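K.L.:
Under my numbering, the first residue of the sequence shown carries the number 533, and numbering increases by one thereafter.
Hints listed in this document are in silico derivations from the structure and should not be mistaken for laboratory results.
What you are looking at is a predicted structure, and each value in this text was computed from that prediction instead of being measured.
Please note that a few of the clues may not be correct.
Just the calculated beta-carbon pair ranges, DEER-fashion [unchecked claim]:
| no. | residue 1 | residue 2 | range |
| --- | --- | --- | --- |
| 1 | Pro607 | Arg755 | 24 to 32 Å |
| 2 | Glu734 | Glu652 | 56 to 64 Å |
| 3 | Asp618 | Ser752 | 28 to 36 Å |
| 4 | Glu652 | Ser613 | 17 to 25 Å |
| 5 | Glu734 | Asp605 | 36 to 44 Å |
| 6 | Glu733 | Gly651 | 57 to 65 Å |
| 7 | Ser672 | Glu740 | 40 to 48 Å |
| 8 | Val756 | Glu733 | 58 to 66 Å |
| 9 | Val700 | Ile676 | 41 to 49 Å |
| 10 | Glu740 | Ile676 | 18 to 26 Å |
C-beta atoms are modelled at their ideal positions from N, C-alpha and C, and glycine is treated no differently.
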Amino acid sequence: MLNSTRRHRVALGLVAAGSALALAACGGDDPEPAQPDTAAVEEVEEEAVEVDASSFNQGPIPDEAPEIDPETDLPAEPDSSAPLGDRIAWEALERISTFASVTDPDATSTCPEIAGEEGESVTCTVTFLDEEFEYSIDISSSGILINYEWDMPEGPLVREVVEDSLRVSAESELVLCDMDSDVERGETGGEAPFLCQSLDEETGDVTEWEVSISQYGSFSFYRV
Numbered sequence: 533m534l535n536s537t538r539r540h541r542v543a544l545g546l547v548a549a550g551s552a553l554a555l556a557a558c559g560g561d562d563p564e565p566a567q568p569d570t571a572a573v574e575e576v577e578e579e580a581v582e583v584d585a586s587s588f589n590q591g592p593i594p595d596e597a598p599e600i601d602p603e604t605d606l607p608a609e610p611d612s613s614a615p616l617g618d619r620i621a622w623e624a625l626e627r628i629s630t631f632a633s634v635t636d637p638d639a640t641s642t643c644p645e646i647a648g649e650e651g652e653s654v655t656c657t658v659t660f661l662d663e664e665f666e667y668s669i670d671i672s673s674s675g676i677l678i679n680y681e682w683d684m685p686e687g688p689l690v691r692e693v694v695e696d697s698l699r700v701s702a703e704s705e706l707v708l709c710d711m712d713s714d715v716e717r718g719e720t721g722g723e724a725p726f727l728c729q730s731l732d733e734e735t736g737d738v739t740e741w742e743v744s745i746s747q748y749g750s751f752s753f754y755r756v
């Protein structure tokens, strides 16, 4: 912030020499010579910080990071009598959608036929926002209950979701993530392939952030 200071000084002029002689001729004590007035008036002018926000995306700060409700935002979950492949396909769609924190009405999720046998491994495909994502399961035991481990190597990173999450974290309306497109692929449990920035409108300070992604799609932001 720049401060512009102006100083004004007003000094009393000395009396003319002729006047001084005339006073001396009248006798009496000589008057004390007038002292220059050195008082100054200082004016401080504050200039507002000029902030260029044109390169940032502006939006209101949400109350919380975006998320979906699978029970209301997704197609109905198949019941327990449905084929295992259909149930796992819905689960794959639910996990991809939850990771993205948005829904895609045109999304599809397909799995091959699943026998449900111990040691069986199956990979399903979810097409979401025109991108294909894999979702796989490894069945560790079967019987009345089927136990399996699931894996989703990548998930969709949606610009509006990432930037709204940063607005909440940084408490700033002006943010920008240097994503190549509005939807990118991100490694679950890893670092995002881009950095983000937030702008403080009052000071003009720009903060750069690294983005860490959980297995379920939530974000943590760390100052660079």
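K.L.:
Each hint: holds or not?
P.N.:
Right, here's what the structure says about each hint:
Distance hint for Pro607 and Arg755: a CB-CB separation of about 40 Å, inconsistent with the stated range 24 to 32 Å. Under the hint 56 to 64 Å, the C-beta atoms of Glu734 and Glu652, about 59 Å apart, fit the expected range. Against the hinted window of 28 to 36 Å, the Cβ-Cβ separation of Asp618 and Ser752 comes to about 34 Å, which satisfies the hint. Between Glu652 and Ser613 the beta carbon distance is about 20 Å. The supplied range of 17 to 25 Å therefore holds.
Between Glu734 and Asp605 the CB atoms are about 37 Å apart, so this pair conforms to the stated range of 36 to 44 Å. A hinted range of 57 to 65 Å for the beta carbons of Glu733 and Gly651 is consistent with their spacing of about 58 Å. One distance hint, 40 to 48 Å for the beta-carbon pair Ser672 and Glu740, holds here, with the actual separation near 43 Å. Taking 58 to 66 Å as the suggested C-beta distance range, the pair Val756 and Glu733 does not conform, at roughly 20 Å.
A beta carbon spacing of about 44 Å between Val700 and Ile676 agrees with the range 41 to 49 Å that was offered as a hint. For the hinted restraint 18 to 26 Å between Glu740 and Ile676, the CB-CB distance of approximately 53 Å leaves it violated.
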